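*Asks:* Here is what each chain is made of, one letter per residue.
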Amino acid sequence: MTGTILFTIACLVALGLLFSVVLYFVAQKFKVEEDPRIGIVESIMPGANCGGCGHAGCHAFAESVVKAPSMEGFFCPVGGNATMSKVAQALGRAVEEKEPMVAVVRCHGTFDNRERTNHYDGYASCKVMAALYTGDTGCKYGCLGKGDCVDACNFDAIHIDQRRGIAEVDESKCVACGACAKACPKGVIELRPKGFKGRRVYVSCINKDKGAVTRKACAVGCIGCGKCVKECQFDAIHVENNVAYIDFTKCKMCRKCFDACPTKAIWAVNFPPRPAAPAVSPAPAPAPAVEKPAEAPKSE
Amino acid sequence: MKKTFCLGGVHPNDNKISKNAAIEVFPPIETAYISMAQHLGAPAEPVVAVGDKVKVGTVIGKPTGFISGYVHSSVSGTVKAIEPRADIAGNLVMHVVIAVEGDEWCEEIDRSRDIVRECNLTSEEILSKIQNAGVVGLGGASFPTHVKLNPPKDKKAVALILNGTECEPFITSDDRIMRERPVEILIGAEIMMKVLNVDKAYVGIEENKPEAIASMSAAAKDFKGIEVVTLKKKYPQGGEKQLIDAVIGRQVPSGKLPIDVGAVVQNVATSLSIYEAVQKNKPVIDNSVTVSGHCMDVQHNYLVRVGTPVSKILEVAGGIPKDAAKIVSGGPMMGKAIANLDAATVKANGSILILSEEETVRKPESNCIRCGKCASACPMGLEPWLLNKLARVGGRYDDLEKERIFDCIECGCCLYTCPANIPLLDLIRINKAEVMKIIRGRAAKK
Chain X
1 MTGTILFTIA
11 CLVALGLLFS
21 VVLYFVAQKF
31 KVEEDPRIGI
41 VESIMPGANC
51 GGCGHAGCHA
61 FAESVVKAPS
71 MEGFFCPVGG
81 NATMSKVAQA
91 LGRAVEEKEP
101 MVAVVRCHGT
111 FDNRERTNHY
121 DGYASCKVMA
131 ALYTGDTGCK
141 YGCLGKGDCV
151 DACNFDAIHI
161 DQRRGIAEVD
171 ESKCVACGAC
181 AKACPKGVIE
191 LRPKGFKGRR
201 VYVSCINKDK
211 GAVTRKACAV
221 GCIGCGKCVK
231 ECQFDAIHVE
241 NNVAYIDFTK
251 CKMCRKCFDA
261 CPTKAIWAVN
271 FPPRPAAPAV
281 SPAPAPAPAV
291 EKPAEAPKSE
Chain S
301 MKKTFCLGGV
311 HPNDNKISKN
321 AAIEVFPPIE
331 TAYISMAQHL
341 GAPAEPVVAV
351 GDKVKVGTVI
361 GKPTGFISGY
371 VHSSVSGTVK
381 AIEPRADIAG
391 NLVMHVVIAV
401 EGDEWCEEID
411 RSRDIVRECN
421 LTSEEILSKI
431 QNAGVVGLGG
441 ASFPTHVKLN
451 PPKDKKAVAL
461 ILNGTECEPF
471 ITSDDRIMRE
481 RPVEILIGAE
491 IMMKVLNVDK
501 AYVGIEENKP
511 EAIASMSAAA
521 KDFKGIEVVT
531 LKKKYPQGGE
541 KQLIDAVIGR
551 QVPSGKLPID
561 VGAVVQNVAT
571 SLSIYEAVQK
581 NKPVIDNSVT
591 VSGHCMDVQH
601 NYLVRVGTPV
611 SKILEVAGGI
621 PKDAAKIVSG
631 GPMMGKAIAN
641 LDAATVKANG
651 SILILSEEET
661 VRKPESNCIR
671 CGKCASACPM
681 GLEPWLLNKL
691 ARVGGRYDDL
701 EKERIFDCIE
711 CGCCLYTCPA
721 NIPLLDLIRI
731 NKAEVMKIIR
741 GRAAKK
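Taken in order, these protein sequences are the chains called X and S.
When we follow the working numbering, the leftmost residue of the first sequence carries the number 1, and every step to the right adds one.
When we follow the working numbering, the leftmost residue of the second sequence carries the number 301, and every step to the right adds one.
Since the hints were made in silico from the structure, they are not lab data.
Mixed in with the good hints there might be a few duds.
Covered stretches of chain X, as calculated for chain S (at least 3 residues, CB under 8 Å) [as the list claims (entries may be wrong)]:
#, segment
1, 118-124
2, 170-184
Selected chain S positions facing chain X (in silico; Cβ < 7 Å) [said to hold, decoys possible]:
#, residue
3, A389
4, G390
5, A624
6, A639
7, R662
8, D726
9, I730
These numbers were taken from a predicted model, which means no experiment stands behind them.
Yeah, the Cβ is synthetic: ideal placement off N, Cα and C, and Gly gets one too.
Assemble the whole structure, with the sequences as input and the hints as a guide.
*Replies:* Here it is in structure tokens:
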């Protein structure tokens, strides 16, 4: 009995040794030469494998960034400038600071603002819903509120508020990987610069219908009236297909368009409250810094 | 032993509650909204201008491609506008809006109900007449008929099959025309037989329409080579491939067309419009529409002019009942819920269905237990649970293609039979579209 056990163990040990020797030589023979810097860069990467940079994952990103001659065209939205400067340092290159971006839902067609004309009771997916018809409201363009973006987000940064029925981005968590923008069948979500202290001005509507149709469908839709275009001194706003768009490369955040917009489709977020406007209305005297309702659409 | 198809299928309650309502001519409308996308393929291009006077039968849209068709005015009056309007799903489609004045028809249209049997035209003449009359498949897919009746030269048709199965619950418009106008339908079939150069035609009718079977059989005695086949009741027998299997026992292989096994399938309503187009010079300007539902007091079958708003039909049919929850265009299995009641009917609108809250309730979804009911119900021999699983993962189009997702006919048997109430078809449908796009892209590259 003992002999059998010993024999078995001896055999296995001998086989193990034999295979290890074979494997050692095979590994030497077929060794894949990998740039050691790839490993270093990969260890710097956040490891989210989100694909936000346009590569298949963090390893693929590291591979191509090491191969490339410069840092141009490479940016990790998750790690941001901090990660990119570390990567550049490791590779001995220079890198330009990039403005941090954030996903912006360009629709505020909440239940209060957009009247529901239909009730969808099918499979809860925006993609399926969009393939069947144009949506539950008179607006063909806005957020469907079934949460394909929520499923796509790896960072828990976008949610559907069930009381409001539209997607809302949590700025503190959003890394601007763009997964939600890709998942949205309506193309409602756009990546825009986060701005100084998170201050942004944007048109929160993409409805291309004529003004009257938009107005009927939604209280806060862009009717393409062009008032904001006239107000803007920086040529940043243009109306195309009955909807205004603010070019963020030109916008100087003066907020004149925000004041001019008759439907409040233009949003100015995260701005501090303005000094109490002189005699606009008989406001209570010790008016504390109550945020304007149109400002700061905080998700939570 | 009555015939049926061999693979899968389900037996929903047929609910043919409107079968005894004779077809009524729908009262004149004030404004017609005629869609330019009445057929599968490229939408037609409007050829009239605002302010033009049109008569019933005037061409208002001309085809823009090989798979496209003519559109005719269904009313007489003045063109009020040519504008994009929302269809039943809310998507914008170009419409010609006509304010109705009187009811003046084009002179060449024979409006009498006299039956004209003699047809001395050549195949080419018949085909061009069918094309000019804008005839499309009225079974629902609205494929331009002249394309289907003109198979490639290397493929020979053996038999024509007329589809009178009407396997969708509730719908009775085909049943009514088979009972009321059997001879005209069969003359249409005779014309198609001449075009296809076949000497055998079958009319497949399900056993739940005994009156239609009787009237068609009686009429068929005068026609050489036309045989009425009584089929067992089973959904989706009206599917092209299922019907071929049921009637002549040939299976269309995956990725092939019915013509590859020598069959051409046409709906009975299409046959009737072919008769009208060829013998009476009447383009497709009206079609029979079933307006039905358990919550309706009276059931109706109407002969409706193309371009009548759905809301108008419902108004004439007695208004929308209080407990109506969903209004569906088409049958309860494959039909589409109407999101926009102001949308106008198109040629292939066979029915408007009003369902109550109770009938439309979606039961909560639970997990798949791999019972295999969907796989045994699938008339195409697919595994819906697997397709759904792959679709949910996302992006696995190569695997979906291997599992033949493109064979799915979207009949909804899987979803109907699933004990876990999984909405199997929803994801399969959009992934099928995606896979088809990939396949077409690959073919285009070659």
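*Asks:* Any hints this thing doesn't respect? Which numbers, in order?
*Replies:* 2, 5
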